[in-house]
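In my numbering, the protein residues as written are 263 to 441.
Wrong hints could be hidden among the right ones.
[Unchecked claim] The following label-pair restraints were derived from C-beta to C-beta distances:
id, residue 1, residue 2, range
1, Leu-365, Ala-338, 39 to 49 Å
2, Ala-338, Pro-361, 31 to 41 Å
3, Phe-425, Ala-283, 22 to 32 Å
4, Leu-413, Arg-279, 36 to 46 Å
5, Val-318, Pro-381, 19 to 29 Å
6, Arg-331, Arg-279, 24 to 34 Å
7, Ala-295, Asp-400, 40 to 50 Å
8, Leu-332, Pro-360, 38 to 48 Å
9, Leu-388, Leu-365, 32 to 42 Å
[Unchecked claim] In the DSS-like style, the derived pairs of lysine-lysine whose C-alpha atoms are separated by at most 30 Å in a straight line are:
id, residue 1, residue 2
10, Lys-405, Lys-265
11, Lys-265, Lys-430
12, Lys-416, Lys-265
In short, the hints are calculated from the structure, not lab data. Quick caveat: nothing in here was measured; it's all calculated off a predicted structure. Backbone N, C-alpha and C fix where the C-beta goes; we use that ideal spot for every residue, glycine too.
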Amino acid sequence: PVKYAESQVERADNLWRRSSAAVTPEQVPPPLAALNGGLGLYEGSVRSLLPVIGGVRSSRRPADEGGSRLAPVPAAEQRAALAFLTTKIFAAGAFAVPPDLALRAAPDPMEASAGRGLPDVPRVALAIQGEALDHLYDPATLKRLTLDAQLEPKTALTLTELFTTVRKSIWTELGGRRK
């Protein structure tokens with residue numbers, strides 16, 4: 263899931279770059295479609311990745327054969343998912359739509375009068391970030407992480423690690439202002 267999420271965000275960024283640099287309309291999708299498509303790729307990447315953090319995987323192997331029906335997602339994979347969220351979703355430079363693409367994506371006056379306007383990129387970005395935070399701080403997710411820490415105390419992603427990582431990534435621009 264982490265590699266898939268990374269590829270989706272990379273596709274979105276490439277789509278926005280190509281659309282921004284295009285000279286003729288035939289080279290890329292229309293600007294509004296490119297803008298919406300990129301935002302959809304970001305949203306899809308987050309939705310595909312959230313079940314990894316505090317997640318559980320099921321197995322079809324019978325318990326009498328030594329298999330466990332449910333097993334936590336490996337801690338290393340959970341940490342990779344959290345790292346993706348901190349660098350690609352919560353980071354200050356996330357959702358970097360080139361300004362000229364945003365301007366070119368503006369609808370013509372007839373579409374604007376029909377209620378179809380330019381997507382509000384900050385609002386959409388905030389909604390995607392909010393969805394990620396809602397999952398990370400959901401009581402069920404926190405409970406599974408607590409249980410994981412009891413089962414694998416040396417390797418599990420802990421609540422302290424989760425909270426510290428998220429706090430540092432969200433408030434990173436304030437980090438250098440302490441005296």
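For the range 39 to 49 Å, tell me whether the beta carbons of Leu-365 and Ala-338 fit it or not. With a Cβ separation near 42 Å, Leu-365 and Ala-338 satisfy 39 to 49 Å, so the hint holds.
Measuring from beta carbon to beta carbon, are Leu-388 and Leu-365 in 32 to 42 Å? 21 Å, violated
Can you let me know if the beta-carbon spacing of Val-318 and Pro-381 is within 19 to 29 Å? Hint violated: Cβ distance 35 Å, outside 19 to 29 Å.
May I ask you to test the hint 38 to 48 Å on the CB atoms belonging to Leu-332 and Pro-360? 44 Å, holds
Within 30 Å, alpha carbon to alpha carbon, are Lys-416 and Lys-265? 25 Å, holds
Falls inside 24 to 34 Å, the C-beta gap from Arg-331 to Arg-279? Violated: the Cβ-Cβ distance is about 45 Å, outside 24 to 34 Å.
Can you let me know if the beta-carbon spacing of Ala-295 and Asp-400 is within 40 to 50 Å? For Ala-295 and Asp-400 the Cβ distance comes to about 33 Å; the hint is violated.
Ala-283 and Phe-425 - C-beta distance against the hinted 22 to 32 Å: For Phe-425 and Ala-283 the Cβ distance comes to about 40 Å; the hint is violated.
Is the hinted pair Lys-405 and Lys-265 satisfied, with a Cα-Cα distance of at most 30 Å? 26 Å, holds
Hinted pair Lys-265 and Lys-430, Cα distance within 30 Å: 23 Å, holds
Could you tell me whether the CB distance from Ala-338 to Pro-361 stays inside 31 to 41 Å? 38 Å, holds
Confirm or reject the claim that Leu-413 and Arg-279 have a C-beta distance inside 36 to 46 Å. 44 Å, holds
The structure shown violates the earlier hints numbered 3, 5, 6, 7 and 9.
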